[in-house]
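J.: Okay, here's what each chain looks like letter by letter:
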Amino acid sequence: MNLATLDALAATAAVRSGAASAVEIAEAALAHIAARNPSLNAFTAITAERALAEARTIDRRRAQGETLGPLAGAPLAVKNLYDVEGLVTLAGSKIDAERPPAAADAFVLRKLSEAGAILVGTLNMDEYAYGFTTENTHYGAVHNPHDLAHVAGGSSGGSGAAVAGGLVSIALASDTNGSIRVPASFCGTFGLKPTYGRLSRAGTRPFVASLDHVGPLARTVGDLAAGYDAMQGADPNDPACAGRPVEPALPILEHGASGLRIAVAGGHFAGSGVAAEAVATVAKALGATRIVEVPEAARARAAAFVISASEGADLHLADLKSRAQDFDPMTRDRFLAGALIPAGWVLRAQRFRRWYREQVMALFREVDILLAPATPCPAPRIGQETIEIDGVAVPMRPFIGVYTQPLSFIGLPIVAAPLRRSGELPIGVQMIAAPWREAEALRVARALERDGVTNAEPALG
Amino acid sequence: MSLAGWHEGCDDGERMSRDDMVDQPLDVYVDAAAKLVGLPLDSEHRPGVVLNIGRIAQMAALFMEFPLPDETEPAPIYRP
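Chain order of the listed sequences is A and B. In terms of the numbering used here, the first sequence opens at residue 1 and continues consecutively. In terms of the numbering used here, the second sequence opens at residue 1001 and continues consecutively.
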């Protein structure tokens, strides 16, 4: 048993059975992080003191015969836009480094801590979550554990690299336009973007309030579901939190994909090359032969693009006016341009969102799960500017979100599941469900994992 | 729109924004809008801002040209 790279539920089982103490697991994880993080640059802070204190508490509670939480002893890290008590919430920026330390943990981090997860650190990201590659000028690029010359994706690149590299069992991330699903695809991990409004965002640095979601990455579907379940719950401190009842996914994870109507998303999502092959592999394994077209998905992506630019710029307007030079050059000009968008474009984008939602909800009367590529390609090289699609070079970075943006735009729950390709970088497939049906997407991902179609074994370098 | 269609659109957007820069309407818009909202633009940042407002305009054209029923309200709901 390699304590350093235990999956979350395996770590909890080891702690419960006494096969390992929480302190032993935390020490092994911290040693692994110390050895591996210098080459990955996934972490911006390592919270060794807190991790060991939390681990000691769990070991003491076990010794006293107390009931342990469902994630007791599982090493966890969070994207550095989550508030962690006593740490400055950077959100990938230099500007926010001047802020005072957070007074309390983010809501969902508190829930995971209550479940027994052990916080080992905070993770690198694109500045203010505005990017798909985590080539952060202030804190350095995150390197892909499968090939250090390649990006880990973004904006939750540190989350993808930390999970894929076996540095933590679960990482928290956020997804506005694809920032959970893109790193999951590029790093070969599972990722869950829940329904918009399912999980509280309170205590996380916003980017685009209309579109922001929080969620986990993990190497097993069981860990993904356990982390998701532990974070559920109403929270009046997030105005978008819908206050749904807790609907645990873990107890029904083994129900499999049977009984679910699964179709492949066509048209805009048809993809080509490796991305299309990945979807075809998953569709074949699930016996999904039907293709349905998601109407006007390209316009949906465009509307998400414009809303993001406008809301993101508004959030940071005071700093854009007074200290634009302190923004990361990778985000600055996009934020500045976003401050100049005519109001009518943003309002129309939000009206288009209503129309598009109605069209997609009509599709879900006929199907339960849609399959689509997570990214149009595997991880590009760090610094790569263009990507060739059907012989035409297009700007690489905005192109990465082409399949994720039209879906987060209307808040659908989605699991990104990774496919391994021998000697090549992994790539992910999206399992898209109707609103509030996270468990169905997780069941499909679990069925694929059980059958060996998808695999997120750590890349240990 | 197919993926091929999308990237052609993107490529057009790039080309259009460069042409526009030659013709300067985007420059004029950026300068006027920045002045209106009180956003100082460093001369080093300005070309990137013009390029990006061109990309945004191209994206906006995709849904602005699409007819919507008057009954379609904006998506965010405020619950007092």
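Some hints could be false.
Where chain A lies over chain B, by a calculated footprint (3+ residues, C-beta under 8 Å) [stated by the list, open to error]:
| hint | segment |
| --- | --- |
| 1 | 1035–1046 |
| 2 | 1067–1077 |
Over 12 Å on every C-beta distance to chain B, these chain A residues come out as not near it, computed from the model [unchecked claim]:
| hint | residue |
| --- | --- |
| 3 | Asp-59 |
| 4 | Ala-298 |
| 5 | Val-367 |
| 6 | Glu-424 |
Quick caveat, the hints were computed from the structure, so don't treat them as lab data. Glycine residues also receive a C-beta, built at the ideal position from the N, C-alpha and C atoms.
J.: Now tell me, hint by hint, if it's right for this structure.
T.: Hints versus structure:
By the rule of at least three residues with a Cβ nearer than 8 Å to a Cβ of chain A, the coverage given for the segment 1035–1046 of chain B holds, with 7 such residues. With 7 residues bearing a CB less than 8 Å from a CB of chain A, the segment 1067–1077 of chain B meets the requirement of three and the coverage assertion stands. For Asp-59 (chain A), the shortest C-beta to C-beta distance to chain B comes to about 45 Å, beyond the 12 Å cut-off, and the non-interface label holds. At roughly 4 Å from the closest C-beta of chain B, the C-beta of Ala-298 (chain A) falls inside 12 Å, breaking its exclusion from the interface.
Listed as outside the interface, Val-367 (chain A) is consistent with that label: its C-beta sits roughly 21 Å from the nearest C-beta of chain B, beyond the 12 Å cut-off. No Cβ of chain B comes within 12 Å of the Cβ of Glu-424 (chain A); the nearest lies about 21 Å off, and the non-interface call holds.
The structure shown violates just one earlier hint, number 4.
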